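From first to last, the protein sequence lines stand for chains R and P.
So in our numbering the end of the first sequence lands on 426, straight run, no missing numbers.
So in our numbering the end of the second sequence lands on 317, straight run, no missing numbers.
It should be emphasised that the hints constitute simulated quantities derived from the structure, not laboratory data.
Keep in mind the model is a prediction, meaning the values are calculated, not measured.
Ranges of calculated distance between the beta carbons of each label pair, as one might list FRET restraints: (1) E132/P - D87/R: 30 to 36 Å; (2) L261/R - V149/P: 30 to 36 Å; (3) Y83/P - G79/R: 47 to 53 Å; (4) N259/R - V149/P: 36 to 42 Å; (5) V141/P - N259/R: 43 to 49 Å; (6) H71/R - Q125/P: 45 to 51 Å; (7) A22/P - N230/R: 30 to 36 Å; (8) E229/R - H157/P: 31 to 37 Å; (9) A22/P - E229/R: 28 to 34 Å; (10) R175/P - N259/R: 53 to 59 Å.
Cβ coordinates follow ideal geometry from the N, Cα and C atoms, glycine included.
Here's the letter readout for the chains.
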Amino acid sequence: MKIAVVVQRYGADINGGAELHARYIAEHLSRHAEVEVLTTSARDYVTWKNELPPGEERVNGVIVRRFPVAHPRDVRRFGRLSHVVFDTTHSIADEERWLESEGPTSPALVAHVRKSADAFDFFVFFSYRYYHAWHGARAVPGKAIIVPTAERDAAVGLSIFAPVLAGARALMYNSLEERALIEHVTGRTGPGVVVGVGSEIPDRPDPRRFRKRFDIRRPFAIYVGRIDENKGCAELFSYFERYATMYPHGLDLVLVGANVLPVPKHSRIRHLGFLPDADKFDALAASDVLIMPSRYESLSMVTLEAWALGKPTLVNGQCDVLKGQAIRSRAGLYYENFDEFAEALYLLEATGPLGGILGQSGRAFYQAHYAWPVIERKYLDMFERLAREPGTPMAPRPGWFARRARTARPGAEVVAAAPSGAVRSR
Amino acid sequence: MGEFNVRSDSVDVDEIMRQIRARIREKRGADYTEQELQQLAQVKLERFIDPKGIRSDLVQQFRRHAATSPPLPNFAFGEDTLYETHRGPVAAIRRLLRPILKLFFNPDRLTAALHIQSQVNEQAQERLARQEAREALTYEVIHNLTVEVTRLGIETHNLKMRVESLSSRLDFSERRARSMEGLTPARSAQPQRPQPGRQPAATAPATSPVPGAPESTGPLNAPVGGRPDAPSGSEDASGGERRRRRRRRRRRPGQTLADRQASSESSGEAGADMDRDQSVDRADDGWSDEGGDAAESGDDRGGDANDAGQSDDTSDQ
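Can you build the whole structure from these sequences, using the hints too?
As structure tokens, this is what we get:
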């Protein structure tokens, strides 16, 4: 079996959520099938500037083919078009312009996908919202499997995505909430499975080494990820400072990750910057609880990693996916305002056994749903199923006049009308 | 405040969150939904609720901006406006050439558009005037609202203080009532302790309680004047000694007042003696327990003062 993984960026040092997800999947599937990665030369997800050389290379044993991006993103144009398609009644042509401005616009990549359609059994496209996935899936509709990595944002409500998501051979979801949202918005009924992604969890993380190296002695809560307002970090800082005032002897907060947002100077907040994986896992093992303040997540890998290490989590309850996972896994608490944040964090630090019980549940949940053998089996089962079953044709692109009719509803309005909330059943 | 109840075999995150919310409700007294909080945040009501948040120069700012705007420039635009001139011959030539001009373009449309624009300008002027009038009303409403909310805030604060004061008083009263209730039967059952350096009372004090009077007032109201130093009256020393012996015989450990009464009645002792003995007993108890009562009430005072900072609670004693 020959599989192509098509993703917007790819590299051993590229750690974006969907990109890392794609790399893990490619590397693990390569143990069962012949895998090739098709991607762009971009490294920066904002500008999509060509930084990596086009052509073929190997990353961790997997063949990677890079194709140049035709032009970098014009941020102002993208912002203006985003407003048009998300907030106003618009046309499909507007949406296509928006997609083209979002990037990474790589016609060479799409042309290669079309040309090599017969060379692969399936194409696994990551991130439905980008140029490569939309055009690529349309180029090979009978072999397109999409890993949408969709968040509950206005993009999923755009009308250009519905036929592609509904017409792909299969969708590999990250969560039950993502599946419910996509199926509602697109009306999809075809094959799909909630898979997610595993992680490379070390066998023996060393919390003492971490504490010694960074001279951290007090118990602490940890946040791992990009320190960005979009990730809810501003709210986290505000909440934690108030919590620290309420509980002077409570947990400290340790931040791991590069910062876009300035970290407040506070005696109980410690920013360690970006850490290699070994240190990151040591830090997680040394922590009492992982805090995940983001409102927009299709799957939080670091949350899964914390559960794999038996650590409880405290997540933003306004993110349906995180809240649903916390409830289903019985491995974490959630908050929707400061009072809940403070009480839940205090509970996790004060009620000693609770953290341990939640952590155990998390470990079991991770083993049952996100261990690599489980993930790999789900992908392989889906490939086998699709090889047996015939596909349904994807709806064609509308004609010239239909594309210019200003009848498309604002994306934000479509998403707002979709049912929300955590899915409670396992 | 409710304790969290988590069983290791069945962690239910929703249940824990319900308990957390219940705890928050207990702390806060009222619970807003997230939607309500969002609405409150959107209208930025806090700015008006908090008098410190209001700009001190709000009135001046308003007055400065509230000055009536000068009328906007406008013009009346009719059919002939385009061709008007103060020079008679030129006007005549234009009138003559008007049909030729119409061959090149349609000036009527231009005239109509400019006429409409003129009307739009007038309407805009009227709207602006109305808006300025509304602003004055808005300011007045906001001002009154601010004053009222501030007043309500202060009143709420005062009411909170009163509730706290009343609850601490209630708490103190309850504790006091409980201690009183527990005190009387316990005291009745308590064997008489020897009073070092103190002679036993020979007779009941002048204010010694009459049998059947409320017992709770006995120990606290027993006057010092009724203590053993008081003259014994008609009783002599031998009589007192005899009575003490008799009392010792009657009081055995674990024996209650009722038991004593029963035993004395069965032994055929005179009712008058019994009454006198009880009076003496009560006087003795009142004396010997005063320190204890004082200590208790002192504790209560301390606790109460700590709880609510109300020094006037001590006056209840």
